[in-house]
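> So you can see what is in the structure, the chains are spelled out below.
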Amino acid sequence: MRVVFTFAAAVLLAVSPVGAQDNILRQKAIPQQKAKQQKQQQLKMVPLPAPAVERFLQMSPDDRERALSQLAPERRQQVEQQLNRLQQLSPDQAQRLQDVYPAFMNLRPVRRQAVRAEIKELRQMRPVERKDRLNSDAGSFSPEEMSILRQVTGVPE
Amino acid sequence: MICLSKNEQGAELLAGYLSRTLDAPRMAELGRHIQECADCRGLASVWERLNKFAVPEVSPGFDARLYARIASEDARVSWLSWRRWLWRPIAPLAAAAAVVALVLGFLHVPGTPHSAKQASKVEIEQVAQAVDDLDLLTPIDR
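Protein sequences, first through last, are from chains A and B. Its first residue numbered 8, the first sequence is counted upward by one per residue in our numbering. Its first residue numbered 13, the second sequence is counted upward by one per residue in our numbering.
With the rest of the complex left out, here is chain B:
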């Protein structure tokens, strides 16, 4: 039995099934399984819908602009939440504690801010995926 969600090569099998590139016995086996297994049926229908989705052209520099926007949005949200917090009745005491915590935080946590770190994590994953594809698409030496 091939269950896509339990198989390490589930994504490849599904792609092969949807594009009808699997061999006949596998196609038949997977077809039967998809009819019986609700999880796999769901997965197949999502991929089929994705396949039909028209992907819009991405403008040059889209990634860089998106990450800059996420970083600035994160910074703005955290600043707003701090301001709201400061206006509460216990503001003076809390503000003093916050300043101390902030100073300690600056002293003890060097490096990039969380949002920037998250953005660069996403970016390195994209680089790794692109490197995978480039390596795979490298013309085979005859």
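Excised from the complex, chain A in its bound form:
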């Protein structure tokens, strides 16, 4: 009996550190796996249509940190939140953004500002109100601008 007890104790002593080590290794593997998944997701993502932003996203984490540190804290937080949102776009949304951004950038600065202001207003409205507003916008915006507004809001003609 004593021999059996000693053997069992010895087995427990020998096995438990291995189990713990195994756990630690498994825990260490989780963030690595997550990073790998994120990288794969990034590779699968439709690239953002703004070259400056794509360049920024391809920077090393250190360079990115250095660049972001030049912004005021609130602005930095805002940019980081927006980037997070952009990186989580569905392929369909990313594709639509690919179409709409170049058209927006082709507008003159004053018109770009007017379209920005209108999209901000439209974003705060309910779908029905948006539709009405877009119908009344037709007189104030060019066909190209209306196409941008419609693509962003998803309201067809």
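Note that these hints are calculated values from the structure, not bench results. Hints are not guaranteed to be accurate.
[Claimed, not checked] Which residues of chain B face chain A? A partial, calculated answer using Cβ under 10 Å: (1) Ser31; (2) Glu137; (3) Leu149.
Glycine included, C-beta positions come from ideal geometry on N, C-alpha and C.
Chain B: place on chain A using the hints.
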């Protein structure tokens, strides 16, 4: 009274005014104010001229080439000014002091050179603006 230069949303108001997207009472109020206020009149005329300006197409990689050129130009100018300075009559003494200062500067100020830092500051502002626009233009989920 709406004074564009004193209003946080002055740029948006002006854009709305110029594109006639403001509501009628605001259009009328701003129109009256622009006639009375020289600052706002100036601002409106600049924006109107900007609106008429034909923006030329920018070639791909323009930003990167521009910043590289600014950085190299800055480096060249600072090198030329140092050379001119070294040729003055007090050159030997000053040169020695300059070398010491330079060495101390290298030892105590690590990191990127000023011009590169300035370029990257401009670049991050551009990234932030582009991120703002991309976020705004993201299609609304129905």
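> Compare the structure with each hint and give your call.
Results of checking the hints against the structure:
no.: 1; hint: Ser31; verdict: 4 Å, holds
no.: 2; hint: Glu137; verdict: 8 Å, holds
no.: 3; hint: Leu149; verdict: 5 Å, holds
Violated hints for the displayed structure: none, as all numbered hints are satisfied.
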